[in-house]
Structure formats: structure tokens, C-alpha cells
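Chemist: Sequence:
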Amino acid sequence: MPAADAHEGQARRRIDPDPLAVLSAALGALGSFASLAAYRDFRRQKERERQRARRTVMRAIAASREALEDIDSALARLERLLERNATDASRSHLDAPVEFGSINAFFDFFEFSAYQMLAQRVTRAFDTTIRATAEIMDAIEDGAIEAPRALFQELCEMQARLEDLRKTTRTFGDTIAATRSVTQRMIILADELETHIAFDRVG
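Numbering (our numbering), first residue to last: 1 to 203.
Derived from the structure by calculation, the hints contain no laboratory data. If you're wondering where the values come from, they're calculated on a predicted model, not measured in any experiment. The beta-carbon is built from N, C-alpha and C at its ideal position, and this holds for glycine as well. All clues given are correct.
Restraint ranges, calculated between C-beta atoms of paired labels, are given here:
hint, residue 1, residue 2, range
1, Arg131, Glu83, 30 to 36 Å
2, Phe106, Glu146, 50 to 56 Å
3, Ala177, Glu49, 40 to 46 Å
4, Phe110, Glu49, 49 to 55 Å
5, Lys46, Asp191, 26 to 32 Å
6, Ile130, Arg80, 26 to 32 Å
7, Ala160, Arg40, 43 to 49 Å
Okay, derived cross-link-like pairs now, SDA-like style, lysine to any residue, Cα gap no bigger than 25 Å in a straight line:
hint, residue 1, residue 2
8, Lys46, Thr56
9, Lys46, Asp142
10, Lys46, Leu36
11, Lys167, Met186
12, Lys46, Phe33
13, Lys167, Leu94
14, Lys167, Ala119
15, Lys167, Asp72
16, Lys167, Glu99
17, Lys167, Phe100
18, Lys167, Phe126
19, Lys167, Thr183
20, Lys167, Val122
21, Lys167, Asn104
22, Lys167, Glu154
23, Lys167, Asp95
24, Lys46, Glu135
Required output: the full structure, derived from the provided sequences and hints.
Modeler: Following this line, the structure appears as C-alpha cells:
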């Protein structure tokens, strides 16, 4: 067959393409770009979740700060009770070592009532701080908030001081003073964390 005839035969041949392939590719490309809207919605949802987590954390920090203030106040009152109740004028209860049974405090009715109240306050503060700390740690773990590294470093230092207090035999007076010092510093750290979260934007 002459080349011209073969070429003409090819030109007359009919092929059955599927236009859907082109349309599908076009729609896929458009859909891919349009998926940015879904990502935006996803980001908005994540931001709403972060905002809810931050509000929870802010409440937890406020509860922790109030609990720490209660502990500081209770320790100050305990110090005054022990100081007033000394049975030996030459030796204060505050000079006794921090050991069970080292103090024989004999409170009258009003003193004992005050002691019970401050013990209950510390117990409530303990429970509140445990719950609030768990909420804050959950938010940090989920990435809802970030705490400054310097704050964590100082909390580690406070932890070391508390560990030293537990391991070292001291007097009640020294231990109360040292514990109040740590408590007051932690109140300041709670304020700093609250301020940081209030102005920080994560993600």
C-alpha cells in the first residue's frame, strides 16, 4: 500500500477515547486545591479546642494559686499555734525536730478548733492542687499550651528544694519557714504561667 494511502487510512480510523479521564483529572486537581477549605475548617476546630483547653487551664491555675495561698496562710497559722502552745517556756514547739511525736501540743477547745480548720484547709488545697495540676499537664501534653522553659527549670529547682526538705531533719520552725518560701515562690510562678498563657498563641 502506498504511503499516502496508509496515512489516509490512519486519518480515517476512529478511536474511542474516554473524555472522563480528562474530566476526572481536572476535577481531582480542583478538589485538591479546594481541600484547603477543609484544612482551614480543621485549623479552626483545633483552635476552638485549644481555646477551650486554655480556659480550662486558666481556671486550673487560678484554683492552684488559691490553694497555694490557703496553704501559706495555714502554715502561718500553724506556726502561731505552735509558738503560743509551748508548754516549756524555755523551748518552743518550733524548735522540735520534724518527727512524729516530737511535739506534745495540748490545745484548748478554741485552739484545737483552729487546728482542725487549718488541717482541713490544707487537705482541700492538696486535693485541688492535684486535680488542677493534672489538667494543666494534660493541656501541655496535648499541645494546647506551652509553658516557658525557664518556668519549668525553676519548678525543677522548687522540686529539688522540697525533696531536700523531706530528706533533711530540721526543726518545725525551719521547715515551716522553708515550705512557706517555696509556696510563695510557686504562687508567683502560677501568676507568670497564667500571664504567659493569656498572651501566648500556639500553632
